[in-house]
Amino acid sequence: MTSDAVIAARDLGLTFQTNDGPVHALKDVNLQIARGDFVSFIGPSGCGKTTFLRVVAGLEEPTAGQITVNGMSPDEARRARAYGYVFQAAGLFPWRTIAGNVKLPLEIMGFTRAEQEKRVKKVLQLVDLEGFERKFPWQLSGGMQQRASIARALAFDADILLMDEPFGALDEIVRDHLNEQLLKLWARTGKTIAFVTHSIPEAVYLSTKIVVMSPRPGRIHDVIESPLPRERPLDIRDTPEFLEVAHRVREGLRAGHAYEG
Amino acid sequence: MSWLLFAMLFWVVALWVNIRLANSSLSETRAVKLAVPVIFGVTVLVVWEGVVRGLEVPPVILPPPSAIAVKFATSLPILWEDFVQTFIKGTLTGYILGCGSAVAVAIAIDRSDFLQRGLLPVGNFIAALPIIGTAPIMVMWFGFDWQSKAAVVVAMVFFPMLVNTVQGLAASEAMQRDLMKTYSASYWQTLLKLRLPAAMPFIFNGLKISTTLALIGAIVAEFFGSPIRGMGFRISTEVGRLALDMVWAEIAVAAIAGSVFYGAVALIEKGVTFWHPSQRG
Ligand SMILES: Nc1ncnc2c1ncn2[C@@H]1O[C@H](COP(=O)(O)OP(=O)(O)OP(=O)(O)O)[C@@H](O)[C@H]1O
Ligand SMILES: [Mg+2]
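Chains U and L are the protein sequences, given in the same order.
All letters in the first sequence, in the order written, are residues 1 to 261 by the working numbering.
All letters in the second sequence, in the order written, are residues 1 to 281 by the working numbering.
Chain L with its partners taken away, still in its complex shape (with noise of 0.2 Å):
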């Protein structure tokens, strides 16, 4: 009972200072702006361990958050060893193959009308088709290690990266194209200094969706067969076994690897795209 009146207490206490950091006049701060994130995080993770001890949740239902961070401390050779096979290995190779090829076929087609018309309906299709059909598929072709993970990113970043750069290579605006042509300027000029530059913030909307794509991707698929390592091979076999501690320490992992690897992507843009007015701040 103290557990929960303590979890309790600690949430209205944490409540009250970031509604006063927040109307502060320091609220503009770069320390405020980080402490108010960062003391709702610390929150969520006390009142989840205070609820979890107090009313005595077994923990194959949820295991407090200390039980976790004990597995994880624990478990790192095991976590890293899955993180490359399904971060690196699998997700990041997809990513890049995935994204790039989407990317070159937009340019290949772009002079096409008659294959922009044709292929955009059937990456749609590709897309719509759902990741559990598609995994073993690709397992069947591709083997059970990470080449065939990487091959079901691909077919999930595919067709949202397609779409957005065949977009983003629209939106110039006509009276730039027209002063490219005064100018004489051939089509690879154009595509160069105006086009590409003028699609970046649709390139990189498709970047940032792909990134969470990819990583899904690479974790359901492995639960359609994989080696002996990978962070959706362990999940599974960790659930069979009621080590959800392990489960959670795999979701933390998978979790900062997601932020992490959207953020970095999020960076790059705002140096790429620094000019587009949803950048300039």
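Pulled out of the complex, with its shape left as it was, chain U reads as follows (with noise of 0.2 Å):
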């Protein structure tokens, strides 16, 4: 393990103990995730892509192997307020308009007043939703939610951000946009994100690196390094380089798929 790690897991596994019997999400898994790096995870339905980012949040106990974020136990690193989650959902609370929203995990961790309002304002700036701090959930479109829940997850400023397919129930011209306004993001705050998808443009697009899984049990196939450079405009999909990358990715996927059978 390294110590400049941001997230390492040893031999990590998860079982879950079900009436059908144990399920194993997650089997021996070995990743080192670097400061500043971006991390997708990809592979087919059930592969432990969601379970292994709760594992890395604390929300599930891993019953074997370690795993340390920041260098602590995943319940201290929650504590110390390491990262911000986004879930596949928006889950904004319908009772709280858009500002109110960001501002749930502020009111929590005690920020100031004056402090809350700089940090919403300069957030809903981020995700280009100025001017609906006042609105509803309900009265804005799942896009709009979406990045929404996402400046929620960014106002309190953590160095790591678990995003679980974040865009997952989008289309395909506002996933693109989100994708780009994500990848400025990443870049201007260095922040160290992993990401869940299923889609192998959007794993390649952003990631330096992606992850490939496969199911039954859940364990990491591949671990696919970029060589794109970290400034990507939306037309980088067209190139050679682009392709070759996800025709790695596509393989992997393919490999890991034969494995299982």
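These aren't lab readings, by the way, just hints derived from the structure by calculation.
Don't be surprised by glycine CBs; every beta carbon is placed ideally from N, CA and C.
Errors might be hidden in some of the hints.
[Unchecked claim] Derived DEER-like restraints, expressed as beta-carbon distance ranges:
1. L:LEU115 - U:ARG216: 35 to 45 Å
2. L:LEU76 - U:ARG113: 51 to 61 Å
3. L:LEU129 - U:GLY168: 44 to 54 Å
4. U:GLY131 - L:LYS270: 24 to 34 Å
[What the hints assert, rightly or not] Some chain U residues near chain L, calculated using beta-carbon distances under 8 Å:
5. ALA57
6. ARG79
7. PHE87
8. ALA89
9. GLY91
10. PRO94
11. PRO105
12. ILE108
13. MET109
14. TRP138
Take the two lone chains, each set in its own frame, and fit them into one complex as the hints suggest.
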């Protein structure tokens, strides 16, 4: 385990005990994520992507191996407010305005009133939602809600961002736009991002590192370091380098499936 | 006979007007939405009046609405005294105490699965006790005055309120609770910022059910002993004297008080749970 790894998993395993017997959601997972990495997790449904993120977040206890976040246990890291978590659904509180939702973590963490206002303004600007502060979540489109939930995760300025298929339910055009914004945000803030997706182009476009997973038991099949530059305009997706990486990911996914059969 | 004819005619005309109004292009306007039930209510009164007079129904069986209205207008001081005794003192006190303590108990047992499983059946048992059994006991315990009526009301509203609140506290989604956990929110922070707001639709459901239960409880409890005032006391004594117009006047007070009570709670609900899909409209 190198010391500059923000997230380090060693021989990590998690077995759920269910009525139909044990489910090996994760098995022998070894992974290092360095500061400033943008890591995508891709793999078929049920291969443990969400479970891995939840273990990192301290929402789930591993049953084997070790994991450290910023050199601490996930629980300690959670209490140190090390990460912001973006769930697959926006999960905004309908009784709070957009500004109120973004303020929620700030209230809980005891920021001053003035500081809360300042940060809400800043992060809503970051996700292009100025002017919607007083709207309620149900008055916004799905894409806007998801952006608000990202703003909420950014508000307290954690170093790590854990994102579980944040754009899964959105159409391609909105998704492209949000991908671009997310990359800009990442470049500007230098955060470490762990990002779950089902889309190969999305994974390749966003990531410095792509983790290909395979199911039953959930394990890491391949880790691909992206040769693409950090500066990425949308049309980088038509370059041979991009297609090459996408091809490798696809091969990895296919092999992971064959392995299973 | 002419009374009967008049009543039938009025009925037919009113029915025709209401059907026309409901199907007209104006049917969505505020005025029409108000007019339709008003016309309906007036029709019921007119038909009642016409039938009672036309068939010469004895007032002991059913007095005409006009006689009830006259009695109402001439008995205002008594009706007011009864209203204060039964509604303000008995019903409202019991309602506030019962609903308040039910919410408090629901929160207190929230963290203990053991208490929840133990207390809910006990509460269920108490709620199943018939009021005609508990009311005399409450009178023995708390005396003849409104305190014993409030106690009956507490016993009646406590359980529905407890069940609704317990259910409401479990209504937040797992993802929302996980979100609070990622912020390392404390138990009380999660309760105040997530679980109580999410429980509000359930809590108001209980509050609305309880308005009706509370009023019934307070009135019926007076049948088992009370000072010489109160809506239940008045109803039982005036029935004995065959003064049915006074009984109906008290019923009118109860109906108005009950509707206003329910409406007020529903109005507050609209303000508090404006975000809920059933209220967004
Ligand atoms: N709380 C739980 N109890 C029992 N089994 C679980 C639980 N959570 C997840 N699992 C199982 O663990 C495995 C991995 O689930 P996980 O949600 O991590 O998959 P995923 O890769 O995120 O899938 P998807 O792409 O569909 O979101 C699945 O087989 C799932 O059924
Ligand atoms: Mg998942």
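Worksheet item: So which of those numbered hints doesn't the model satisfy?
Response: Of the numbered hints, all hold.
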